[in-house]
Amino acid sequence: MLLSVENLSLCFRTRSGVVRALEDVSLSLAKGETLGVVGESGSGKSVLSFAVMGISDSAATVTGGSIRFEGLDLLTSDGDSLDELRGAEMAMIFQNPRTALNPIRPVGRQIADVLLRHGGVTHAQAKAKAVEMLAKVRIPDPERRALAYPFEMSGGMCQRVMIALALACGPKLLIADEPTTGLDVTTQAAIMDLIEELARESNMATLLITHDLGLAAERCHRIAVMHAGHVVEVAPADELFANPRHPYTARLIATTPRPSTSLAGLEPIPGSLPDLRGELPPCRYAERCERRTPDCDRQPLLRQGDASRTVACRNPIMGDAA
Amino acid sequence: MPPVILLIAKRILGALPSIAAVVVVTFVLTRALPGDPAAYFAGPAADQESVEEIRRKLGLDKPLPVQFIAYLGDLAQGNFGTSLTTGQPVAADIAQRLPASVELTLCGLVLALVIAIPLGIAAATRPGSWVDHLARVISTAGVSLPVFFTGLLLVYIFYYLLGWAPAPMGRLDLFATAPPTITGFYLVDSLIAGDGAAFRASAAQLALPALTLGLFALAPLARMTRASMLGVLSSDFIRTARASGLSRGTVLVTYALRNALLPVVTTLGMVFSFLLGANVLVEKVFAWPGIGSYAIEALVASDYAPVQGFILTMAVMYVALNLMIDILYGLIDPRVRIEG
Amino acid sequence: QSRDESLLVVVESGTNSLDIHAVGANPASYGVTWNIYDRLLTYGTKTLADGTLSYDYSNIKPELAESWAFTADDEITFKLRKDAKFHDGTPITAKDVKWSFDRMVAVGGFPTFQMKAGSLEKAEQFTALDDHTFKIKLLRKDKLTVPDLGVPVPIVLNSELVKKHTTEKDPWGLEWSKNNDAGGGAYRVESWKPGEQLVLVRFDEWKSGPLPKMKKIVIRDVPSSGNRRALVERGDVDLSFDLPPKDAQELAKGGKVKVAGAPIENSLWYAGMGVKQPPFDNVKVRQAVAYALPYQKIMDAVVYGRAIPMFGGPAQPSKAAWPQPSPYNTDIAKAKKLLAEAGFPNGFETVIHINQGVASLSEPMATLTQESLAQIGIKATINKVPGANWRAAMLKKDMPMFIDTFAGWLNYPDYYFFWGYHGQNAVFNVMSYQNPEMDKLIDASRFETDRAKYEEQVKGVVKIAWDDVPRAPLFQYYLDAAMGKKVQGYTYWFHRAIDFRSISKN
Amino acid sequence: MRPLLDVVDLCRRFPVGKESFLHAVDNVSLHVQRGEAVGLVGESGCGKSTLVRMLTRVLDPSEGSIRFEDKEIGYIPAARFTHSPERGLIQMVFQDPTESLNPRFTAFDCIADPLKRLKGPWTQASLTARVEELASMVGLPLPLLTRFPHQLSGGQKARVGIARALGPEPRLLILDEPTSALDVSVQAVILKLLDDLRLRLNVSYLFVSHDLNVVRLLCSRVVVMYLGKVVESGPTDRVFDSPAHPYTRALLSAIPSARGAPPLRFRLSGEPRSPIDPSPQVCRFFGRCPEGHARCEAEMPDLQQLGPDHFAACHG
Amino acid sequence: MSETTRHIRYVLAENPVTAGAFAGFALLILLALFGPALAPYDPLVSNTDLALSPPSAEHWFGTDHLGRDILSRVMVAARLDMQIALAAVTLSFAFGSLLGLLAGWHGGRVDRMIGRVVDTVMAFPLFVLAMGIVAALGNTVGNIIYATAIINMPFYARMARAETAARRDAGFVEAARLSGNSDLRILAFQIFPNILPPMMVQASLNLGYAILNAAGLSFIGLGVRPPTPEWGILVAEGATYIVSGEWWVALFPGLALMAAVFCFNLLGDGLRDIIDPRRRT
Ligand SMILES: Nc1ncnc2c1ncn2[C@@H]1O[C@H](COP(=O)(O)OP(=O)(O)OP(=O)(O)O)[C@@H](O)[C@H]1O
Ligand SMILES: Nc1ncnc2c1ncn2[C@@H]1O[C@H](COP(=O)(O)OP(=O)(O)OP(=O)(O)O)[C@@H](O)[C@H]1O
Ligand SMILES: [Mg+2]
Ligand SMILES: [Mg+2]
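Residue numbers (the numbering used here), protein chains in the order written: chain A, 21 to 342; chain B, 250 to 589; chain C, -9 to 496; chain D, 518 to 833; chain E, 20 to 300.
It should be emphasised that the hints constitute simulated quantities derived from the structure, not laboratory data. Hints may be right or wrong, so weigh each one.
Output of the computed footprint for chain A on chain B, the stretches with three or more beta carbons under 8 Å from beta carbons of chain A [what the hints assert, rightly or not]:
hint, stretch
1, 502 to 514
2, 522 to 535
3, 574 to 584
Remember, predicted model here, so these are calculated numbers, not experimental data. We put the beta carbon where it would ideally sit given N, CA and C, even for glycine.
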């Protein structure tokens, strides 16, 4: 396993109470694999990805579990060795690429900064490599564009620059936190194609965070569904769509418009995400669940299934599972 | 760089109406001053008649618009009039005293920047901590003290009680000789002349007044640095930089600070205006032979020509300064550079 | 040059001209002129009761003139020194003297006015008989003529040098001499930064007196009185001038430095009343005010004893001197009674004007006065008039009440009253006081040669001034200078500037 | 029957710098029938919001006519339109529910404001009753009415926005990407609500979106814009099944489909042309179009009818 | 609303400095209201026998050169200083925000014209302009207030302009138009309440500057008329006594002045924290 997150729990201390943003989150990611993480807004997707990168907010405290990258426990290693990893071995791209780039530094310089930090190269080499990276993400006229500032580029181009920046040192893991929200559908497709292609080329693993189930379905090998800080289900993409086991997954699929659905077929999920402050029931979905049993509130959350397919539910949908 | 020259030309052109307005306002304001230069010139024992005679000679009996035209004519020839208090042409007085004021103001500003920026950064990197509160209290205290009070207090403590600072009487103590005038800044001139003694002497004289000004300018700068640093540190691109494993120093300085400086640079203009005002008081306390003390004396004596000359110089300087700030801003921020 | 040979002086504000004749020259210019130019005559010195040296107005001495004599009843002839030179090396001749005197009476303004006080009015009065003989013809017999030749105004300029810089508009070269040294005095100007400092160096070929001890004089402007005090107290400067009374008193007590204080001759601080403006046109009101003034409080809290009280004296003038203590004293009951008699049992409202230029003294005085007047029902507000406007305000003569000072250079009571009380209504008669009886006495005393008669006349004037009280006298102020213990020879001069020629350090 | 809204050759140019213009909306014609829901799609910056702001009459067109219920309203200056009787009849739901609610107004005030301005007179009681009626109509719990926008969730804010727009009983409701900022499940709720309201109140919709799946759910007709121009319009089914313009095709192929499904690889490359002073001869899509012909660079294609009510502007 | 109170309470609890500033502000208001009644002595009555006596049990802050009780003078001065500051700030706030609103809303020529006016005022070093105005018009309390108001006006105008311009195209403004609001109504009821909070912060900072400004004017002799107690004048009068060791004459009024300005500045910071939406989640 390239990355394995085990029983990770994380909370934020805020003035209005402790926010239990992640609880007992377990995930794993193999080399070259693409894992999608989906869920409603506020379900903890970004918090998870920031925890993996070690760039959590200062108010965050990990209360349990571990994150291992190639066997190295990221939570216990010191800041310097993490800095060595970040940007070199694992990299991240963000939503809203325009603001995610330094507005007053030429994009080429920003890429070169990362290369100089990790690549063991000279200034000239870094510059050349930056141009090369820009060319690789199909930015026309890369020499000139390397000197351009983010505000001189469109959103799609900025996202390409972000990708070039992330991939500059050839990381083994790419975390993409909603890389295409805010972009056009057509640009979104092109960007996703690019990520997919580059990942395949270098056998890079990708953690794709999105709230668009359709996108995850199209791009990922496996998908993890998150709800209120819990990973409720992990399954291969096609299986997840064909046979969702967790009631939340099923509802999420049903509420996503697809080319084939009709308005009548859209089924909204009742209720909303619980407030993560204060006491929470063992199953955080129970409140909204139509398959809730008395056990759900009494017994601790049960995770069942094998490595390829887990579900955190006492009463999963077993439908036409073989 | 032609675009820069174009920008400068445009800014100067844009400032002309303001300067024209300043000339008019200054003229009206100074003519409203209660003094009577004719009575002053007429001497101690003049009677009403001889005062009228002098008034006629000075052209002060003419209607204001006529006087204004005459004033404009003089201005066009670079003639700012003559000061009653020093008896010298105002232009010469200002030329001689301006470097003193500018040197002092700049030293105060530099001192403030040198303290304020690290303080602001320290506060922003640990918001809510004791450093933050301390920075806030220090800088707020600085701006809460009336400058003349700070100045007097510093003189009392460092000169009178402790004897660490030299006597507060101008730019050099009585024994040092001024370096040959090149820039008019004693610090610079003495370095050019290689005169270590003069440099030390002028630096020692500068220390307290510059500190007084610096304390005053500290607050807006530290506060702005803190606020903009906080904003920048929580922005997306800093997260990107951290996620790229860039070292803490690079993130803080190359990425965060440079961005955070933009609003600080803008505040500089305002701070400078405050400083020029505070300068007037500080110069009075420290017997600093700058244009501020010159202006106060003239104002209290209802001596128009120096007041007009002073305000005009200040306005021109302020416009020039804003121009410099714009250019500096453009150097830091490519966005304005392109939009021009 | 050792520190012992140079004198560091701090003053509140420096000169604005190197030539006292220039238009708008300020009081500080008197001192410069005094030291860099010579006059024909000067005064000797005497020691005051407290040991302070003072000029002696009864002892007139030659300066540039080797000797002088009344060669006729209406003619004075001066023999000039043969070896005297200007700073540029040219010899000083009677031609220069003539040109200089012509200039004084021609330029108008203060110099002309001051010369007129000594009946020196027309160019025709002055003749250069030869290179070293100069003659003044008198228009009338005036006892002020000779003393007036020793004031700072009648300086002898290097006429050839100045003439090189005259213009059509400026035939007397005032613009040039304002910024340049054309003198032959004991010191010459080494450098001058207006508003900052003036450096004088000794003119080694000066012949009009013993060569001064100090080789270099640095006069620095330090506006803050606190700083001036600290500087001298800490020994950083040799002499601090323009000291406020409180500092003078404390420094004198402190013993670290010497304080030389001399009552300023022929001067008086007073509370004036515009006699043309009701209710001050009523003499009872004025007397009521004079009885309501907080004299002792002012002595204690404003001048800290650095003045001679000018109240609580005998009912009749005891001598023919000015100033002398008036019979008034703080007596609220009497003041109330007088006010009631005047028809203002409940008082009235008025405004006290003060000169902001001397606010450190006049403001507390006005505040105390205001408080005191309130006790007899007079509600006064205080109006601070900017220094430069003070003269214009005086000229307007519309101030109901004001606090001010006046001093004459020439120490003669008649001189003082002529400018301050005479019905000719000069600018200094701010009260617009007119009393034919007094005018007659003043006019007579000015040219009176009989000592006894003169004294009678003066006493008469003083008595009227007391009874009519257009001005309620407060105190005679000290001129205080603090100096390091080493400084010797500081002398009080009527023109209230420092004569560096007599100063030495040991 | 005449359409409810008939727009002919509407243009809007913004001056940029000296003598340059940004052609945000260029000769756009479209119509909306009574009770009909029309979708307007196109990529970011193609002029959808500009068009919609002209239609709601908060922005003055540079040229062209807007007829609403047979009355020309395009020439009434925006400032005057506020006081015209049609003001209440055209209402809009904004793209960003947060930004479009005054942070200092409670939900109640937000909904009541247009009622007070455009309807009435009201007594306090009747106003409260009407606001509560609207709130229940859009499914906003009544206790939330006293809250400020920052105390409401995204979906709740969207409902306030819809209730506000419905208050003056508009005939035409313009929805500028009303769900793009919302979660899918909230989006589903809102979509259902909108559809329901349309049927109940017989309002017409002009629904702006860049999500084709959403447009398809709600609209019977769709208009596709590209860089200020309409490039295709037609019944939703026809446009989806047989898109005639390459841009429409690219849009459709960009919709994510389940993994393994044969991807419709019809990707756009290159950058869009500049909207500033575009050449009137060159097709706006030229340069990005996978099919670009020589003719496309020489002649701007016009809308051509391809079927009943189906138009496209392409030479190909 | 209750949430707002809770938020305020939180900000105050979290930040003792701000809480202190609020307390100080309350104290100042109390002093301004009741200072003259509370003062132990008549601030105007002199007693030259006691002149310049150091702090003692009778005179906590000592006495000044005329033997007046400094504590009483400092207390009584609070009212005048607060009056000057509040009046000046109110004036500049009113005119500045009006100009700023107009400029920001209309843009174009109106904006340029108003910008000119503002630039002209700003082209003067502000304190110097205040000096000029007071010197020209005479040193009355009214003129000090006008001068202070004029020099502070540009800050409000600029701020209001920027804040208005930023909101001119905001969704809620457009929504208000759609709701049938005229421009004037939008400005008054939609935009103004929104720009008010940041302007209040500015106002609280300016209260401090206004007091400093008045004090500076007093220092150079352009302040209110004697013997009215005003902090600036008290310090200026006391300044001459520092060197001779009578530190209390300047120190206590100086401290009062500083405490007030300090308080206003911190208050501004505190207000900023309270109204900053990012700080309330
Ligand atoms: N710095 C923080 N302090 C307190 N709570 C936080 C912080 N960051 C995130 N949270 C909380 O953690 C939870 C998860 O947030 P997160 O940003 O991971 O959601 P997300 O799934 O990424 O949502 P979105 O799709 O909107 O990006 C939310 O309830 C959020 O309020
Ligand atoms: N006031 C304006 N001044 C100048 N240009 C403008 C203005 N408003 C819009 N534009 C420009 O007009 C074009 C169309 O903008 P518009 O907002 O209508 O696009 P849109 O289709 O709504 O985009 P999105 O999907 O991002 O909302 C854009 O290029 C935009 O920059
Ligand atoms: Mg997220
Ligand atoms: Mg839009």
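### Task
Count residues of the stretch 574 to 584 of chain B with a Cβ under 8 Å from any Cβ of chain A, then say if the count reaches three.
holds (count 4)
### Task
Tell me if chain A covers the stretch 502 to 514 of chain B under the three-residue, 8 Å CB rule, please?
Holds, because 5 residues of the stretch 502 to 514 of chain B bring their Cβ atoms closer than 8 Å to Cβ atoms of chain A.
### Task
Closer than 8 Å, Cβ to Cβ, for at least three residues: run that test on the stretch 522 to 535 of chain B against chain A and report holds or violated.
This one is violated; 0 residues, fewer than the three required, reach chain A with a Cβ under 8 Å.
The earlier numbered hint that this structure contradicts is number 2, and it is the only one.
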